[in-house]
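Q: As they're listed, the protein sequences go chains X and U.
For the first sequence, the working numbering begins at 1 and goes up steadily by one.
For the second sequence, the working numbering begins at 1 and goes up steadily by one.
Check the hints yourself; a few may be wrong.
[To be verified] Residues from chain X shown here face chain U by an in silico Cβ test under 8 Å; the list is partial:
(1) LYS29
(2) GLY30
(3) GLN31
(4) CYS32
(5) ASN40
(6) SER41
(7) ALA44
(8) LEU67
(9) PRO71
(10) ASN72
(11) TYR74
(12) LEU75
(13) ALA97
These are computed hints drawn from the structure, not numbers from a lab.
Every value quoted in this text rests on a predicted model; they were computed, and no experiment measured them.
Just so you know, even glycine gets a beta-carbon here, dropped at the ideal spot from N, CA and C.
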Amino acid sequence: MRKSNRSLLLVFCLSIIFFIPFTVKAAVKGQCSNCHTMHNSQDASAVVRGGSGVGWDGTGQLTGGSLSSTPNSYLLVTSCVGCHSSTTANTIVTIGANNIPIVYTMIAPTRPLAGGNFYWVAQGDDTKGHNVYGIAGADSNLSTAPGRNILGCANSCHDTLADPPGSNNYQRGGCQGCHVYTAHHDDTKPWYRFLKGHGQPPFQNGSINYSDYVTGVEDSDWEYTTDPSTGDHNYYHGTTAQYSEGNGLGNYQTITAFCQGCHGVFHGTPDVPSPGDGMGTSSPWIRHPTDIALPTTGEYAGYDPTGAGYSTEAPVAWIDPANPTRAEAIVMCLSCHRPHGSDQPDMLRWDYTTMIAGGGGSGGCFTCHTTKN
Amino acid sequence: MLLYTVFIPLCALAKVRGPCSNCHTMHNSQDGTAVEDRADVAFSPSDVQNYQVVNLLVNTCIGCHSSSGASTIVDLGNGTRIPIVYNTTEPVKPLAGGNFYWVETFGDEYGHNVRTVDSILSEAPGGNTSFGTVPNDCGFGGCHKSLASIRYGPGPDPLFNPIVGNGCIGCHDPAHHADDEQHLLAGGYKYVDESGGGYRFLNKAGKNFWDIPPHNPPAVAGIEDPDWEQNPSSNRHNEYQDSPKPFAPLAYGQSAQGISDFCAGCHNDYHSWPAGGYPNGGNGGAWLRHPSGIELPSNGEYGAYTTYDPNVPVARKDAVTLSAYSGPSDTVTPGQDKVMCLSCHRAHGSPYKDMLRWDYDNIIAGGGGSGGCFTCHSTKN
Chain X
1 MRKSNRSLLL VFCLSIIFFI PFTVKAAVKG QCSNCHTMHN SQDASAVVRG
51 GSGVGWDGTG QLTGGSLSST PNSYLLVTSC VGCHSSTTAN TIVTIGANNI
101 PIVYTMIAPT RPLAGGNFYW VAQGDDTKGH NVYGIAGADS NLSTAPGRNI
151 LGCANSCHDT LADPPGSNNY QRGGCQGCHV YTAHHDDTKP WYRFLKGHGQ
201 PPFQNGSINY SDYVTGVEDS DWEYTTDPST GDHNYYHGTT AQYSEGNGLG
251 NYQTITAFCQ GCHGVFHGTP DVPSPGDGMG TSSPWIRHPT DIALPTTGEY
301 AGYDPTGAGY STEAPVAWID PANPTRAEAI VMCLSCHRPH GSDQPDMLRW
351 DYTTMIAGGG GSGGCFTCHT TKN
Chain U
1 MLLYTVFIPL CALAKVRGPC SNCHTMHNSQ DGTAVEDRAD VAFSPSDVQN
51 YQVVNLLVNT CIGCHSSSGA STIVDLGNGT RIPIVYNTTE PVKPLAGGNF
101 YWVETFGDEY GHNVRTVDSI LSEAPGGNTS FGTVPNDCGF GGCHKSLASI
151 RYGPGPDPLF NPIVGNGCIG CHDPAHHADD EQHLLAGGYK YVDESGGGYR
201 FLNKAGKNFW DIPPHNPPAV AGIEDPDWEQ NPSSNRHNEY QDSPKPFAPL
251 AYGQSAQGIS DFCAGCHNDY HSWPAGGYPN GGNGGAWLRH PSGIELPSNG
301 EYGAYTTYDP NVPVARKDAV TLSAYSGPSD TVTPGQDKVM CLSCHRAHGS
351 PYKDMLRWDY DNIIAGGGGS GGCFTCHSTK N
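With the hints as extra help, turn the sequences into a complete structure.
A: Shown next, in the form of structure tokens:
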């Protein structure tokens with residue numbers, strides 16, 4: 001065997017050994033009729049289901065809401081919420097070759113997916129999830145996104161996800177407030193979980209090709225199952241670059257920069273754009289930092305998220321999600337929060353009330369702050 | 001001496017050829033009995049709901065164009081070739097419009113109900129009043145609601161309808177002796193428009209009731225395959241056209257009605273405007289229903305469809321363009337050629353539900369298949 005071929009073979013074998021993740025094809029599969037109706041008419045009846053309570057039942061049928069003679073855009077049988085909801089506790093609905101991730105179960109979910117579940121906020125606890133149109137009404141505690149900076153945008157997009165599609169949010173409400181552009185049939189789009197911004201200028205020609213999207217490696221079953229020992233989990237993208245509210249997402253394409261789109265004050269350079277904004281610096285931090293390196297020294301040395309040491313409860317991002325190394329582990333917003341919702345206030349990933357400094361516990365905050373328990 | 005000038009009429013070339021007795025009987029009496037039709041017909045006049053035979057014919061439309069055998073062209077010799085659209089034995093080679101065999105054998109979802117009333121649908125799907133016209137409610141309870149309601153003659157029961165003729169004439173305005181060879185092309189193909197009785201007689205059947213707009217748009221135009229697509233291929237097929245008019249009621253005054261315009265006469269809500277918009281969406285916004293009568297886009301996944309597939313046909317952009325063709329073309333030009341109703345459906349009937357041209361249950365996104373929907377949606381497989 002030629003030397004170059006042996007080298008290539010060695011690299012290939014090593015890649016298998018060290019479980020370098022590969023991008024998974026996520027284009028939907030299955031019968032078109034699972035999601036689409038050509039004319040919204042079958043046997044003299046409408047097919048589209050609208051209203052509240054639409055979701056998949058335990059037999060793979062769309063149920064709830066009411067039949068509507070008004071067709072949906074893109075010939076869809078229901079809305080985003082309807083398709084990604086279930087009347088059961090299941091968070092993956094399988095219909096033939098089609099696996100549908102469920103982010104809103106109308107019964108407490110058995111196994112929430114990586115982004116969490118809207119179940120708890122839908123039950124009426126606004127502290128436990130994003131208030132998304134079609135799932136929950138406007139937040140009773142918050143009139144705008146916490147930490148929101150108005151950066152030339154006076155419309156409601158960055159205030160709430162609970163408004164219906166309308167002129168004030170470019171006809172995108174609810175789910176599409178974050179999942180701005182979807183591409184269910186197109187794996188060539190590089191947007192991680194359809195997390196893409198609106199481009200600049202917003203929704204003008206070419207906005208779909210703008211660089212403001214999150215990158216990362218998607219777990220094939222949305223972390224329905226995880227196994228850090230085999231590398232079975234999402235791989236998020238982070239950075240150590242300093243940025244402020246503006247084009248952080250376009251420049252760095254991290255999951256944290258995406259969150260900054262609405263929660264800008266909690267990120268970035270101190271006192272930008274206003275005094276008191278931002279995270280501060282390491283001496284001192286004024287807000288919990290994100291898009292910073294997880295230090296390799298001190299208490300943080302006790303958390304090695306590479307390989308089997310990865311905590312799906314307190315995950316990290318990576319400078320290069322396809323080639324994770326300890327030195328490039330990044331603290332991100334999702335290290336502590338579930339973006340859809342959780343069973344904890346503030347959408348946290350664990351019960352904050354059990355984080356007792358010196359109490360001898362583990363997990364949660366103590367995954368990184370290993371000596372503070 | 002008187003000179004007599006004998007005026008010998010020039011015989012017009014006509015669709016039908018052969019002995020008149022193949023189709024007509026002068027008195028319905030021969031050798032002391034009523035005249036019988038050919039041996040293979042599947043229906044006698046009395047078998048058709050609300051029948052009446054007219055024009056000295058030996059049978060109804062359904063009778064003549066049906067067969068108990070499996071062949072879809074009956075050749076009686078001397079030039080008489082009859083396209084069969086209703087076989088009572090599963091047809092071996094259905095013609096372009098499909099076959100009524102399946103609606104009679106499998107059920108109402110498999111074809112238009114021309115002979116008996118649909119047990120599921122009480123009116124044409126998509127035939128509501130959104131346009132301001134009322135195709136499903138002309139005041140007579142029939143016409144656009146059900147092809148099985150159309151009958152000969154007046155009379156209140158069971159379905160009153162002043163249109164004279166059985167179900168077939170809900171769509172077809174027969175003109176068997178019209179000169180349809182004014183634009184004869186090589187290989188027996190012919191461009192037919194209103195002057196020749198209309199492409200496949202798809203003409204203003206409504207004029208028999210009310211010969212004013214909107215019931216009298218121009219006939220559909222197209223190029224007819226001489227074998228009715230019994231043996232289709234990429235360069236052996238009908239040629240359809242879809243006109244640039246927004247919807248059917250504006251068809252009159254133009255040179256020809258598009259094939260999708262014609263379907264919209266009953267299924268108007270499913271028809272697309274070239275500029276998009278209500279009721280099907282489009283025009284820069286999202287489509288609400290599958291578009292028809294619009295150009296197949298030249299970009300993205302649609303650009304891969306460049307060789308004509310007779311199982312997923314396209315229409316040419318207008319009658320003027322089509323009239324310049326020398327015959328069927330095996331080329332599809334995204335950005336010019338059009339998606340039409342018949343791109344997905346068979347007009348008479350098919351072996352698939354909703355009269356589709358393929359089994360929709362086998363169209364699996366991401367399943368790696370081909371054909372059917374994926375002929376145009378080439379990257380969704």
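Q: Mind checking the CB of GLY30/X against every CB in chain U and telling me if the closest is under 8 Å?
A: 6 Å, holds
Q: Close enough to count: is the Cβ of LEU75/X nearer than 8 Å to one in chain U?
A: 6 Å, holds
Q: PRO71/X was flagged as interface toward chain U. Is the shortest Cβ-Cβ separation under 8 Å?
A: Since the shortest Cβ distance to chain U is 4 Å, the answer is holds.
Q: Can you verify the interface hint for ASN40/X: is its Cβ closer than 8 Å to any Cβ in chain U?
A: 7 Å, holds
Q: Identify whether the interface hint at GLN31/X stands, where standing means a beta carbon of chain U within less than 8 Å of its own.
A: Constraint on GLN31/X satisfied, holds at 6 Å.
Q: Take the shortest C-beta to C-beta distance between ALA44/X and chain U; is it under 8 Å?
A: 5 Å, holds
Q: For the hint on ALA97/X, does the least C-beta distance to chain U fall short of 8 Å?
A: 6 Å, holds
Q: So, as I understand it, the hint says SER41/X touches chain U; can you test that by seeing if any CB pair is closer than 8 Å?
A: For SER41/X, the interface hint holds, since the closest Cβ of chain U sits about 5 Å away, which is under 8 Å.
Q: With a cut-off of 8 Å on the beta carbons, see whether CYS32/X makes it to chain U.
A: 5 Å, holds
Q: May I ask you to test the interface hint for LEU67/X with respect to chain U, counting a Cβ-Cβ separation under 8 Å as satisfied?
A: 15 Å, violated
Q: Verify the interface restraint on LYS29/X: the C-beta must sit less than 8 Å from at least one C-beta of chain U.
A: Holds, because the Cβ-Cβ distance from LYS29/X to chain U comes to roughly 3 Å (cut-off 8 Å).
Q: With chain U as the partner, please determine if TYR74/X meets the hint condition of a C-beta pair closer than 8 Å.
A: 5 Å, holds
Checked against the numbered hints above, the structure violates only hint 8.
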